[in-house]
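Trainee: Protein chains in written order, with the numbering used here: chain A, 51 to 340; chain B, 25 to 187; chain C, 1003 to 1800.
Rather than coming from a laboratory, the hints here were simulated on the basis of the structure.
Cβ coordinates follow ideal geometry from the N, Cα and C atoms, glycine included.
The hints are all genuine.
In silico lysine to any residue, SDA-like type, Cα no more than 25 Å apart, as pairs:
{"hint": "1", "chain 1": "B", "residue 1": "Lys30", "chain 2": "C", "residue 2": "Ile1123"}
{"hint": "2", "chain 1": "C", "residue 1": "Lys1233", "chain 2": "C", "residue 2": "Val1273"}
{"hint": "3", "chain 1": "C", "residue 1": "Lys1439", "chain 2": "A", "residue 2": "Ser236"}
Simulated restraints on C-beta separations:
{"hint": "4", "chain 1": "C", "residue 1": "Leu1717", "chain 2": "A", "residue 2": "Asp200", "range": "32 to 40 Å"}
{"hint": "5", "chain 1": "B", "residue 1": "Pro101", "chain 2": "C", "residue 2": "Ala1060", "range": "33 to 41 Å"}
{"hint": "6", "chain 1": "A", "residue 1": "Asp200", "chain 2": "B", "residue 2": "Pro101", "range": "37 to 45 Å"}
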Amino acid sequence: MKPVPFDYVLPETLDELLEVLALGNNAKILAGGQSLVPMLNMRLARPDMLISLRRIPGLEGIEDEGQSLRVGAMVVQERFRRAVSGREGFDALSVGMEHIGHPQTRSTGTVAGSIAHADPSSELPLLLQVYRGSATIMGPSGLRNVEARDLFLFPYTTLIEPQEVVVSTSWPKPLRGTGSAFMEISRRRGDFALVAVACQIRINGERCLEDGVLGAAGVAGTPISVELPSHFKGQTLSEDVAQYWIQSLDPLLDPPNDLEASSGLRRHLVHQLGYQTVVEAERRAGGNKR
Amino acid sequence: MIRYGKDQRVAVTLTINGRPYRRWVEPRMLLSDFIRDEVGLTGTHVGCEHGVCGACTVLIDGEPARSCLRLAVDVEPQNVTTIEGLAKEPGYERVRRAFSQNHALQCGFCTAGIVASVWSRLENYEGLQVDWDELLSGHLCRCTGYVGIQNAIRDLQGEEREQ
Amino acid sequence: MSWVGQSVPRFEDGRLMSGQGQYIADLAPVPGIRQAAILRSPYAHARISGIDMSQALALPGVFGIVTGADLSTILAPFPVGVPIPMKYFPLAIDRVRYVGEPVAVIVAESRYLAEDAADLIRVNYQPLPVAMDVEASVQGGSTWIHDDVADNLANHRTFRYGDPEEALKSSDLIVEERFFYPRNTGIPIETYGVIAHYDQSLGDYTVWANFHGPFTLHSVMAHALKVTTQKLRIKTPTDIGGSFGVKSAVYPYMVLMAATSRLLGIPVKWVEDRLEHMKASSSASSRISYLTAGFSSDGRLRALKLRQYDDVGAYIRAPEPATLYRVHGNLTGAYDVANVSLENFAVLTNRVPTGLVRGYGGPQLYFPLERMMDIAARKLGLDPADIRRKNLIRPDQFPYRTASGGLYDSGNYQQVLETALNEAKYEQFRSQAAGGKGPMRYGIGMAAVVEPSGSNMGYVTVAYTPEERARQLPKSGAVSAATVAVDALGGITVQIDSAPEGQGHETVVRQIVADVLTVPPETIRVIAEMDTATTAWTISSGSYSSRFAAAGASAVHTAAVQVRDKLLALAANHLHTDVKTLRFEQGRVFHGDEASSWTVKRLAGLTHWHPAGLPTGTTPGVYETSYFSLPNMEPPTATDLVNSSATYGFLVDVAKVAVNVETGEIEILDYVTVHDAGNLLNPLLADGQIQGGLAFGIGSALYETLHYDEDGQLLTGSLMDYLVPTVSEMPHSLTIRHHHTPAPGVPLGAKGLGEGNVMSAGAAIANAVSDALGTEVLALPLSLRAVSDITGKGGGQR
Ligand SMILES: Cc1cc2nc3c(=O)[nH]c(=O)nc-3n(C[C@H](O)[C@H](O)[C@H](O)COP(=O)(O)OP(=O)(O)OC[C@H]3O[C@@H](n4cnc5c(N)ncnc54)[C@H](O)[C@@H]3O)c2cc1C
Ligand code: FES
Ligand code: FES
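Only chain A is shown next, with the shape it has when bound in the complex (with noise of 0.2 Å):
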């Protein structure tokens, strides 16, 4: 289990990393190495050439933009975890990303590489997608904003080119009165999740629903996630109404059947999450608010 050799670069600006990238001969972007070396280790990954983020000034911030929070493509997921652990709104980013493996892992994978290696089962895109999050993607053509609900393709593929980097995401603040949160199946604590689901939940004073996401990860080829129904809005939370909102990720359902779970108790487990993730977000909304 030793990676096969390449050549190894290490820009000091983004110009250089992007130049590297242009040269387009199976070149793989370094960041945590948390999902890369252990391809790399079962030589599943066999790049040419990997470009290591470490040099490069300017990743390493979280800041406050005021809407939202822009999270530089090195920060690592722990750090983050810290940052909006108790943050109003942001109870399931917080939580989820303490299903994201272990403390020892976390402390070296980076928030920018859980979204790019996009594993279905994975935590962060997921939440990118229910937070209405953005990558901030940079290529030969200069900088785009991609939102996470455009990101994901398929399984481990994304949006983002082979010649580009994500050089930040941004997660815009839940407003007043948003309450979130997430749940999670996994074997064992720190696996990749059988079957995610989050969910954030606006009310007004009158606790009547007025805007919503609710995603699952695990359940298809990538987080999926649906918007709360517009005819809902302005309606409190009734159990039929929670049931209709989650029935409405079916027709995005596609799960894996594979040892541990079959796709019909996947399904069954998104529906069993799901609306216990509902009525937790819908009830910290509430907390919030007062």
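Guided by the hints, dock chains B and C with the ligands onto chain A, whose structure is given.
Mentor: Just chains B and C with the ligands, lined up with the frame of chain A:
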């Protein structure tokens, strides 16, 4: 911009346990192999090389991390601490005692990694809430059933509270 | 105060806690060692029609490549424990039979380069049909894996004790079920490692490996290398990073690297990586058991009928098919039943060969047996505790001879059961916890297990028919050797033959010798590394079958007593008194209450510095070796009776679980385990063995399986997919209690206890889950998927 060719051996200088070690290695060399085979600090163990078992865990700038999932060349200029370094710390004796008295190790193969994780929380975490089971879940121990390790941690926390 | 019986923290811990352990991967015992990697088969079954190594050999830094063709010039096939025409080499010759089977060994300057070279080797494979289903094979429906082994049947034996047919006929209740125990494995965190050096001038092999016996395998290796046994010197490192039985199967790799060193003329080192370990090291045998049991209406077990199919993988590798026979003497568990019939099949499949894994043969037996008791209880309207009470062997029946020849040496099974039930507040749980709350269902389950320790080397030959055995030399015994030496200035060194891998033998040995010679334990040095050229050992040496407490400790004890007796005799000579009036205290000879000036140091010194002054008959030096043989270890009889183990401990586990019927998640709320392993040499270490064994048992019950698809590809080949429990998967609360019924045939009265919970946990948890769900669990592990198949959530089997 530094560019190293795949067939090239490159000079990598890592600070391990406070001492710089300069070695000529291939860019692909894993940190775990650098520590063990190049520097000869064999207290760090390798159990899976895919990040799951935790045996290779060392401290990188004080945070526990898998040395099997880092390229040595990519670690420069961070500081690495291995069990050999911890064992020389003045506060380490109480960790050794707590582990031994609670029979927190049998074969000892997982121990260096576990001790690194535990140490990171004992040292820099004053006042912060530590989810010890979560921390320990990042390590596989096949011998102890984790009971002795949990007990050792409980003793260490008790001592901290008394202080 | 005696040291034995105290919770002495380990002497091993100091070095291990400071990074000074010495494991195989850390060693470079000879200069010029080169690194090996192994090219392995991607197919479960294929013919090899050609290997092109030209590109690989041209890679700078590559020293050579060894293939099956080269190897077959110097090796003989490994001897096996059954009379079948199968040739097992450590490297495929012209056909591969499981995914991961070694095809070539590449030796290079570094492991990185060796793997690069492996990538460049082109092997021409012609895939063959695979045989994955043991029952289909036995029925003649599978391809043959070895040309001359019909229907892949490696071993088939039938046994009959008492009159099972008649007893079944007169039973009121017949329980009939099919059970499945999965393939799982030990997952030591350290993988295999071998260093081999061939001395070209003398033709001598030296092999360092994290091998821990049984050292019968030394002769198997020497045979394969076609040398007489003194030409194969095996050394073990100071520290071995766990094994749980699995590392006994490093031996084919020891032969492989030894042969490679010879063929390439350089010392080679191979450190297995985790993917190799998962695919191609070893595994527990899976078992399909058809069980039929007859009970009387009041719950007495009258007859037991078992038909067992073991999947032994692509080659039956010594000591297999011993999974089927290790528990032969305790086939009937804790119950008094005389009528038994047994039919055993060991069947070859295109999976990795099986071997020792902690519990060896135990979980495969006790999962069906202990489930059977609960199934019968439910059918008869009895409480599972009551049906066990009715059938447990009574204290007055010891020593108890089982139907199949086991001799249970001592015990009080009722007492252990009652303690377990009390600790678990069994009655209280039963009376309260009807049903559950929301999606949660609560259940309680128990398992009662007779835990064998100290295997009789003769049991393995039960695989042969009595007629076949009669044509061989008899095999029997469970022996361990130890040496206690005292040097010229009184320094005490003890050499043992157990090759431990974390059990703390160095500490227990100190406790034992400190007691006998009345010196502080820290003044004793223990050498636990094995060296077949210099250590006293026997074919049954090694760490397996929980044998140290009974066998190894006894050898140490008797060797220390020999030293003590020699020194006391010397003292008696000098003090002109009868030796019977003398004893050691604090390292000094006492005559009655009076301290003499004679110490261990001074007496031993005499034998070194002044041999001329020794009384006639006293030899110079103090170097006492004891070969200790456990009692009642006869070869199997002509009627297939065998006492397969030297001592038998007992344990009862009670598990409480919560099952979420919506998600299939199982939580172990509370776990009680009560053991009777006789006298405990070191309770701290004993509990450590129980905790570790239990973690293992929980893994096998809920998580672990080496799962193959129908083409023979391993689907759980990394630690991401093969789920070893972490701390978060352990029970919320664990209670351990002990009873102490000494082992009568063992000087210190101790029995082994490290495997019991591997045998019990699967059954106890399955019983608890069956109780919670009101169904009968018939297979392990209880994954979410398995539970949802029972509850039908998510459409069950879909
Ligand atoms: C034991 C273990 C358990 C884990 N459990 C989980 C889990 O439960 N959930 C989970 O989500 N993850 C889990 N992971 C994976 C972990 O979260 C990784 O950190 C993450 O998937 C990738 O982040 P990284 O920084 O390590 O990226 P790397 O491994 O460095 O890169 C991953 C991929 O993304 C690309 N990439 C990285 N950064 C960028 C960028 N800025 N722009 C463009 N491309 C980029 C790389 O080229 C590569 O293809 C686990 C890992 C381990 C070892
Ligand atoms: S060896 Fe690095 S985590 Fe297992
Ligand atoms: S002590 Fe052996 S693996 Fe932990």
